[in-house]
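J.: Listed here are the chains, written in short residue letters.
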Amino acid sequence: MDAELVRQRARARTRHTWRHTAVSALGPMTALVGLIWALVQPYRITLLDPDKHSFWYLVVQTPLLVILVGVIFHFWVVPGLLADLEEVEERSS
Amino acid sequence: MAPPAEVVHWMFGVGLLFLSLCLLAEAIVGPVVWRHRSWRAYLWPSLAFLLGVLMWPVMVFYTSSAIHMLAHSAWAQALMLVGAAQLGLVRGKLHNQLWELTLPVALVVSGLAFLLHEQNPWFFSRSAFLHHALGWTLVAGSVIALGRAVNPRSPAFNAGFAVIVITVAALLFCDRNVAPIFGHLSPLAGAR
Chain B
1 MDAELVRQRA RARTRHTWRH TAVSALGPMT ALVGLIWALV QPYRITLLDP
51 DKHSFWYLVV QTPLLVILVG VIFHFWVVPG LLADLEEVEE RSS
Chain E
94 MAPPAEVVHW MFGVGLLFLS LCLLAEAIVG PVVWRHRSWR AYLWPSLAFL
144 LGVLMWPVMV FYTSSAIHML AHSAWAQALM LVGAAQLGLV RGKLHNQLWE
194 LTLPVALVVS GLAFLLHEQN PWFFSRSAFL HHALGWTLVA GSVIALGRAV
244 NPRSPAFNAG FAVIVITVAA LLFCDRNVAP IFGHLSPLAG AR
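Keeping their order, the protein sequence lines are chains B and E. The first sequence begins at 1 in my numbering and counts up one residue at a time. The second sequence begins at 94 in my numbering and counts up one residue at a time.
Read the hints as simulated data drawn from the structure, not as lab findings. Every residue, glycine too, gets a C-beta built ideally from N, C-alpha and C. Do not take every clue at face value.
Partial list, computed: chain B residues near chain E (C-beta under 10 Å) [unchecked claim]:
# : residue
1 : W37
2 : A38
3 : V69
4 : I72
5 : A83
6 : D84
Put together the whole structure using the sequences plus the hints.
T.: Here's what the structure looks like:
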């Protein structure tokens, strides 16, 4: 009986819902958009040619900041959110 | 010393992009899961309040005209009002759900401020185009925000609001001090 319960819980844990997938994809998708932007408009990456740009343009490089936002969201917000989502879904099933 | 106007727009775009990811995640998982940890519940209201606070230096340092100052101070107050009202609701200090209406009101104020302080036509320059586009996006977004205020648990309204914020962030990223829009750039805008 206990082994069956353990199996069921393990199955529930591995069966990711669309919510799980969607939340997990937000950060990487954002970072991917930033990466594509950097490839399409490389002149936005001012570090490639630092002598030509002033301080603020070297600090604020939008494609890199978009990637950074995706990374921070993915590693700071998403892990706890997924844990809570799994907990609530397990409780409700 | 002060950053160029386009750089300020990009920095606000970064803040709004992070805010929109939080809103989108909340719309996907639902408010019950999102508010499971208290810091997450406070995240977007705090961010909105912070963006409002950061709008004050913009008002002080970018004094190209009186209407610019008025518009920026209106945004600062609107963002701070939304952030504070949402913080009060999350914390339980405010009980009346009418406080949710601060969000659509703030969007209308922000949208009108964008439209009123841009005195040039749509195709004058990219900046003018974006100000018009941002203004109308925010005014249209206030309808979605009104739906969200009436039905805060609606995934459609929550996701719609997140998409509005993403759109605003994307438009802010497109801003340039002097650049053409669809091949148009007025000589008065600095075209050579």
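J.: Hints first: check each against the structure and report whether it holds.
T.: Structure-based check of all given hints:
1. W37: Nearest chain E Cβ about 8 Å off; hint holds.
2. A38: 12 Å, violated
3. V69: Because about 5 Å separates V69(B) from the closest Cβ in chain E, which is inside the 10 Å limit, the hint holds.
4. I72: 7 Å, holds
5. A83: 9 Å, holds
6. D84: Holds: closest Cβ of chain E sits about 4 Å from D84(B), inside 10 Å.
When the structure is compared with the earlier hints, a violation turns up for hint 2 alone.
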